[in-house]
Amino acid sequence: MTGRLKGAAQVLALALVAGLLALLVWKLATQDEGAASKLGRGETPPAPSFRLDRLDQHGKLSLASYRGRPVVLNFWASWCVPCKEEAPLLESVWQRYRDRGLIVLGVDINDLRGDARRFARQNKMSYPLVYDGPGNTTTRYGLTGVPETFFVARSGKLVCERLQAGVHLEGNKDRFHDCVQEVLGA
Amino acid sequence: MRLLLAVMAALVLAPVAAACPSAADLEGELICPTCKTTLDQSDAPAARRIKSLIRQRVAECASEQEIKDELVAQFGPAVLAAPPRQGFHWLAWILPLAGLLGAALVISLLVWRWSRARTAEAAAESNGRLPLDPELERRLDQELARFDG
Numbered sequence: 003m004t005g006r007l008k009g010a011a012q013v014l015a016l017a018l019v020a021g022l023l024a025l026l027v028w029k030l031a032t033q034d035e036g037a038a039s040k041l042g043r044g045e046t047p048p049a050p051s052f053r054l055d056r057l058d059q060h061g062k063l064s065l066a067s068y069r070g071r072p073v074v075l076n077f078w079a080s081w082c083v084p085c086k087e088e089a090p091l092l093e094s095v096w097q098r099y100r101d102r103g104l105i106v107l108g109v110d111i112n113d114l115r116g117d118a119r120r121f122a123r124q125n126k127m128s129y130p131l132v133y134d135g136p137g138n139t140t141t142r143y144g145l146t147g148v149p150e151t152f153f154v155a156r157s158g159k160l161v162c163e164r165l166q167a168g169v170h171l172e173g174n175k176d177r178f179h180d181c182v183q184e185v186l187g188a
Numbered sequence: 019m020r021l022l023l024a025v026m027a028a029l030v031l032a033p034v035a036a037a038c039p040s041a042a043d044l045e046g047e048l049i050c051p052t053c054k055t056t057l058d059q060s061d062a063p064a065a066r067r068i069k070s071l072i073r074q075r076v077a078e079c080a081s082e083q084e085i086k087d088e089l090v091a092q093f094g095p096a097v098l099a100a101p102p103r104q105g106f107h108w109l110a111w112i113l114p115l116a117g118l119l120g121a122a123l124v125i126s127l128l129v130w131r132w133s134r135a136r137t138a139e140a141a142a143e144s145n146g147r148l149p150l151d152p153e154l155e156r157r158l159d160q161e162l163a164r165f166d167g
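Just so you know, the sequences run in chain order A and B. Read left to right, the first sequence gives residues 3 to 188 (the working numbering). Read left to right, the second sequence gives residues 19 to 167 (the working numbering).
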């Protein structure tokens, strides 16, 4: 009886270890490295999809609804100082190229909804804005902070490069304009 | 008369004051969405904004649950330092307790077996001999029976 009990306990312990190992392997195999890493390796991964509440009006907006149009995808938050500084440039690009089909889409992350609305109003952001308070998109895109800007081609794929920090900064401004042209022509 | 009025006012207002939550307590129970530590340990811009909102809602005497619900509606359940006691989240409360109970049970069983073995060994030693192997004992019985017969 004792031997049988001991055997059962050993089988149970082995099953537990095997289960934990399988869980670890599954987690590592299915772990999303984030679209930014693939883009950094020169790949053009599909832009991770999302469907989020709109900040600028009622209802929801999904990235897929812009398939066929070039999109400048900007992640921001009201508590982020560079986000305030880059907002006029994003707005000017939106005003300048919207007739050519360009969409500038702002994704507000890890923010209070009221603060975000106030920020958008104060900074005269008239382009479409969505709200991702929990920051669910951050991992899928591989964000390291805000602001960050991606470029989505008409095909729905990420192209050009991911711009970290404000697009208005000296180091980013030229690349930003180049990427806008690239995405318009893609 | 004035004293009586003051006492009555204090009695009426005391439960209201007691019902208002403490901002400090709430800051220890909520997580900063950017740095993943509790708000009271964070000075991140996002944490500062949430703390400011909490203080504003506490000043309005909103209940602790109302404030938490408002923040969960905006940041999701991950904003709570402890998982809510409902649905799937119960697992987070039950599993550690179950693990502890299981470990205690296994240790008790091992201790019991070890002490029983020690008792048997001690009893055998007190008789001046070690317990016989059952097979050897059976063969000895057979030999003795044959000798007697």
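What the hints contain is simulated information worked out from the structure, not anything from laboratory work. Computed from a predicted model, the values in this text were never measured in an experiment. All residues carry an ideal CB built from backbone N, CA and C; glycine is no exception. Be a bit skeptical, because a hint or two may be false.
Claimed, not checked - Computed far set for chain A versus chain B, every beta-carbon distance over 10 Å:
#1 Lys-40
#2 Arg-43
#3 Ser-67
#4 Asn-112
#5 Asp-113
#6 Arg-119
#7 Gly-135
#8 Gly-137
#9 Asn-138
#10 Thr-139
As the list claims (entries may be wrong) - To give an idea of the chain B side of the interface with chain A (calculated C-beta under 10 Å), a few residues:
#11 Pro-51
#12 Thr-52
#13 Arg-67
#14 Ile-68
#15 Leu-89
#16 Gly-94
#17 Leu-118
#18 Ala-122
#19 Val-124
#20 Ile-125
Verification of the hints:
1. Lys-40: At about 24 Å from chain B, Lys-40/A clears the 10 Å cut-off, so the statement holds.
2. Arg-43: For Arg-43/A, whose nearest Cβ neighbour in chain B is about 27 Å away, the distance exceeds 10 Å, so it holds.
3. Ser-67: 23 Å, holds
4. Asn-112: 4 Å, violated
5. Asp-113: With a cut-off of 10 Å, Asp-113/A comes too close to chain B, as the shortest Cβ separation is near 7 Å.
6. Arg-119: 12 Å, holds
7. Gly-135: Incorrect as stated: the minimum Cβ-Cβ distance to chain B is 4 Å, not above 10 Å.
8. Gly-137: At roughly 6 Å from the nearest Cβ of chain B, Gly-137/A sits no farther out than 10 Å, so the non-interface label is violated.
9. Asn-138: 8 Å, violated
10. Thr-139: At about 12 Å from chain B, Thr-139/A clears the 10 Å cut-off, so the statement holds.
11. Pro-51: 4 Å, holds
12. Thr-52: 5 Å, holds
13. Arg-67: It holds, given that the least Cβ distance between Arg-67/B and chain A is near 5 Å, below 10 Å.
14. Ile-68: 7 Å, holds
15. Leu-89: 9 Å, holds
16. Gly-94: 3 Å, holds
17. Leu-118: 16 Å, violated
18. Ala-122: Violated: closest Cβ of chain A sits about 15 Å from Ala-122/B, beyond 10 Å.
19. Val-124: Val-124/B check passes; min Cβ-Cβ to chain A is 8 Å, inside 10 Å.
20. Ile-125: Violated - the Cβ of Ile-125/B stays beyond 10 Å from chain A, reaching only about 13 Å at its closest.
The structure shown violates the earlier hints numbered 4, 5, 7, 8, 9, 17, 18 and 20.
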